[in-house]
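A.B. asks: In the order they appear, the protein sequences are chains A and B. So for the first sequence, full-length UniProt numbering puts the first residue at 1; every next one is plus one. So for the second sequence, full-length UniProt numbering puts the first residue at 1; every next one is plus one.
Source of the hints: derived by calculation from the structure; they are not laboratory data. Since the model is a prediction, treat every value here as computed from it, not as a measurement. One or more of the hints may lead you astray.
Pairs count within a copy or across copies, as identical chains cannot be separated in the list.
[Stated by the list, open to error] Under the rule of at most 35 angstroms between Cα atoms (straight-line distance), these lysine-lysine pairs were calculated in the DSBU-like manner:
(1) Lys259 / Lys3
(2) Lys259 / Lys21
(3) Lys3 / Lys173
(4) Lys259 / Lys421
(5) Lys173 / Lys421
(6) Lys21 / Lys3
2 protein chains.
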Amino acid sequence: MTKPLRIALAGLGTVGGGVVKLLDANAALITRRAGRPIEIVAVSARDRTRDRGVDLSRFEWVDDALTLSARDDIDVVVELIGGADGPALTLARTTLAASKAFVTANKAMIAHHGVELAGAAEASGTALKYEAAVAGGIPVIKGLREGAAANVIGHVYGILNGTCNYILTTMEKEGRDFNEVLGEAQALGYAEADPSFDIDGVDAAHKLSILATLAFGTELDFGSVAISGIRHVIAADIAEAAAMGYRVRLVGLAEESRKGLFQRVHACLVPLDHPLAHVSGSLNAVVAEGNFVGRLFFEGRGAGEGPTASAVVADLIDIARGEYGPAFAMPVASLARPGPAPAGERRGRAYLRFTVADRPGVLAEITAAMRDAGVSIESMIQRGATADGSVLLALVTHVCPERAVGDALNRLEGSQSIVGKPMLMHILDI
Amino acid sequence: MTKPLRIALAGLGTVGGGVVKLLDANAALITRRAGRPIEIVAVSARDRTRDRGVDLSRFEWVDDALTLSARDDIDVVVELIGGADGPALTLARTTLAASKAFVTANKAMIAHHGVELAGAAEASGTALKYEAAVAGGIPVIKGLREGAAANVIGHVYGILNGTCNYILTTMEKEGRDFNEVLGEAQALGYAEADPSFDIDGVDAAHKLSILATLAFGTELDFGSVAISGIRHVIAADIAEAAAMGYRVRLVGLAEESRKGLFQRVHACLVPLDHPLAHVSGSLNAVVAEGNFVGRLFFEGRGAGEGPTASAVVADLIDIARGEYGPAFAMPVASLARPGPAPAGERRGRAYLRFTVADRPGVLAEITAAMRDAGVSIESMIQRGATADGSVLLALVTHVCPERAVGDALNRLEGSQSIVGKPMLMHILDI
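Let the hints inform the model, and build the full structure from the sequences given.
C.D. replies: Here is the structure:
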């Protein structure tokens, strides 16, 4: 099998440029590992004139990426356009329908349309690969699909968004507030001009829903991921969490039980002795807990030109080796549809932070609401009044049903003692 | 493809029993993931009467494992006998020669005979798989062979022996000495009655040589691994290292450069901000640094019934899916033979600990030897005299060629001021 694997790149942004650079730089080694050369035949992007820092004149330029699907001289279409729908999805459908292998880094499209596309790949006997869609260069799709395949997975969770982790760990190191650090991250190019996709947890939720499908053998169910982000984390939350032995991380967590599939993206408190507490800066990490293997921990760079290109080309090497496999670790007909777990039944500890007026009876009011909701308090910190006269109260509950914490907060709704919205973060007790 | 994958187990120790339990417990899920059932047809071991905690009466018992190779009703032979040579090797050769897939957890055999066996698998068009041979349940063979396959790897290194890591981290937590902790580990079953294979670094070296082959595309070269273990680490080394910001870990490290292949297993000092510093107890961890992906970190359980069985069955699922691939990530004819890198040319910092007589001039003698060898000192700790009148002197050098540190120690050989053998540990500055 020394015929080259002939590929076309659709989309030439950061990742597309990275793939070209990688295939140039590591060509000889890749040929040895793949058993044959991987050759770019054609490229396509919106703007032909943009300088991408690589010589593209060697490749045929195609204005309409859709024409790539039908060409006999192309074995694999690599989609790096992005977007859950639109041209990326049309390209995926036409490519797989034409029995051509399809590689993508597009987490939104896989989260929304992955089952349909995997079914199309199966029907055509071709490959759908998307290692780059989750956690960038970390081979975690492969780790779950193949490495941990012998296990019933209890939980899969991780730090799936480098922008949020950069912001949270910078807030932690420098004691600064969210908006300030976000602004700086935007200036440095670590955060997008419109950062909401990252900081509100949507990007992490796309990735989580993909991991859950691989871990549990369930259909993709992005719609039932409970999503919140990191906008409401203040410097004091991070400081109080540290005082109690925790770090704050945006964690995507999925669990499966007889009650259904639980999926949540949420800023949460991670105990210092948990490996996720040591994941710093823009790194990503994924943990899977299997019934035989125990805890597996994967860490690395979750985004950027090099790591993402590494994952895309790993998929291409798999295809060159003839290792197609089922996209979601099993035929789509075998995927279960457990439905979402009922909200609030999950049990755990929670962190609550209130900003309260500095006057008698406030503590009694809050602790009474907790008691009436059946929530007992494990530890509490109250700091003296700040410049504006308000007082910060942070507490950690004992283990209780999550709905009980929600009930306690409902009982406090409208309280004249509490300034602004209380902050709730769950504690990662896994 | 709904025909079952029919396997035979040769060897029914801890891991063999684990494979039976895993295939029982997770049968339905494995059938979905593998696309077909994985069925044990026959088993073989030395002692038929031993109670292994699983019902083996369902399977055909075979006294002579070698007969498994020739049987038409078996697709895969799983070798869990152990030993670099002897019955395990004969079974591997006859099985692969019979074009039957072969799965093993045998690191010694792969380290010594892996290239021969991979060649035999290639010639027969069958699979040789050995995920369980390195780092137990952590899918690091797959991670390097496939996940990081697009990268030129600069270094691969890790904590590859759980017994040593358990001993070192227990010494660290409890401030106790090596022999005491080893004795306790033996009593608890965490260390073998004859522990030398583990604590002298041979087991880690087997695994390292396999990782190096996958990372660099070089032939296995176990013979050129520089090996030392943890016998000479004393509680004071761990305490002084901690005082200077390090933890002591047994690390296997391989690097490739134009000078050749460098492979070493050595107790070394790991800076606290390095992920290996946080690998505790009997866990294993592997780091690979790729030119595009950056640093990849994998952590998990490196031994034991469950994790090892998880890796063996992952290999079986790959085979059931028809994903054979080249055993060492490329055809054996493509593996390079760089030869070992010349000793001593590597540059780095080192930790040295001397036990010295408490009298004038000792410090001058040691520092003069360091100066004459061209080694400058970054930091030094001297503790007051102990009960027997000796004084402990620990220092960390600046970056210098490793041979210079050796030269300094040679100059001090025979010194009347130094009691016993000085301790040398390199610092992991990657």
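A.B. asks: Would you mind marking each hint as holding or not holding in the structure?
C.D. replies: Right, here's what the structure says about each hint:
Proximity of Lys259 to Lys3 under the C-alpha cut-off of 35 angstroms is restricted to the inter-copy arrangement: shortest distance 33 angstroms between copies versus 50 angstroms within a copy. Proximity of Lys259 and Lys21 under a CA criterion of 35 angstroms is satisfied inter-copy only: 26 angstroms between copies versus 47 angstroms inside one chain copy. In this homomeric assembly, Lys3 and Lys173 never come within 35 angstroms of each other (Cα to Cα): the closest approach is 52 angstroms inside a single copy and 57 angstroms across copies. Taking identical chains as interchangeable, the C-alpha atoms of Lys259 and Lys421 lie at most 35 angstroms apart only when both belong to the same chain, with a minimum of 31 angstroms there against 62 angstroms between chains.
Taking the shortest alpha-carbon separations for Lys173 and Lys421, only the intra-copy value of 25 angstroms comes in at or below 35 angstroms, while the best inter-copy value is 42 angstroms. With identical chains, the CA atoms of Lys21 and Lys3 are at most 35 angstroms apart within one copy only, with a shortest distance of 22 angstroms there and 43 angstroms across copies.
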